[in-house]
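Residue numbers (my numbering): 3 to 213.
The set of hints was computed from the structure by calculation and includes no laboratory data.
Below, simulated BS3-like cross-link-like pairs (lysine-lysine); rule was C-alpha separation at most 27 Å, straight line:
(1) 40 x 60
(2) 40 x 19
(3) 49 x 60
(4) 7 x 40
(5) 7 x 49
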Amino acid sequence: MLTHKDVWNAIDLLAAKHGYSTSGLARRAGLDPTTFNKSKRTTGEGKPRWPSTESLSKVLAATQTTMADFVSLMYGPAAAAVGGPRLRCLPWSRLASEDVLDSAGFPVGNAWEEVEVTLTDDRHAYLVELDVDVAPPMFRRGDTLVVSPGSGIRRGDRMLLRLRQGSLLIGTVVRRAGPRLTVGDVTGREPDRTFAAAEIAWMGRIVWLSQ
3 MLTHKDVWNA
13 IDLLAAKHGY
23 STSGLARRAG
33 LDPTTFNKSK
43 RTTGEGKPRW
53 PSTESLSKVL
63 AATQTTMADF
73 VSLMYGPAAA
83 AVGGPRLRCL
93 PWSRLASEDV
103 LDSAGFPVGN
113 AWEEVEVTLT
123 DDRHAYLVEL
133 DVDVAPPMFR
143 RGDTLVVSPG
153 SGIRRGDRML
163 LRLRQGSLLI
173 GTVVRRAGPR
183 LTVGDVTGRE
193 PDRTFAAAEI
203 AWMGRIVWLS
213 Q
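Let the sequences and hints guide you as you build the complete structure.
See below:
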């Protein structure tokens with residue numbers, strides 16, 4: 003039996019499988035970003051609202067997913083996991099411009115969208131959708147990354163770093179020597195940069211990247 007809940011759960015799982023929030027999946031398919039929002043799944047009177055066949059066709063084409071694969075998301079093992087760990091998600095532009103992270107780099111406030119992704123044990127981890135090119139070709143528009151502010155950072159790790167002056171950077175840890183941190187350019191085109199601890203507001207390890 004095909005149910006309203008099954009179809010929407012499968013859309014959530016399809017988005018997570020490809021590293022998107024539901025709004026990111028909609029954008030990938032050329033749809034309005036709010037097409038699959040939770041608020042769009044019922045009418046103002048509380049009646050179930052189903053996704054259109056056109057919307058489904060576009061997301062399946064955008065993710066190269068067959069209808070058989072989509073059906074397996076409705077009734078396969080992954081469907082039973084819905085309701086498990088969730089990550090909070092924001093586009094890069096909002097992360098870079100709004101007060102959505104606290105002084106230690108942990109997400110705060112109500113601006114975040116939730117997405118079903120099981121990629122880290124850090125309950126404070128969050129997902130960032132790159133809506134602009136940040137450091138091409140490594141970090142381009144359309145990529146998503148999971149940042150774990152609670153994970154330790156070691157040499158060679160990719161990280162998201164905010165300077166106290168406000169700049170938000172993506173880089174690779176080259177070395178940590180006392181109160182100084184040397185950060186490498188992820189593209190390899192720019193020279194390493196060294197920062198004093200007093201210049202850094204916070205750092206978060208990038209534990210996953212979808213390209």
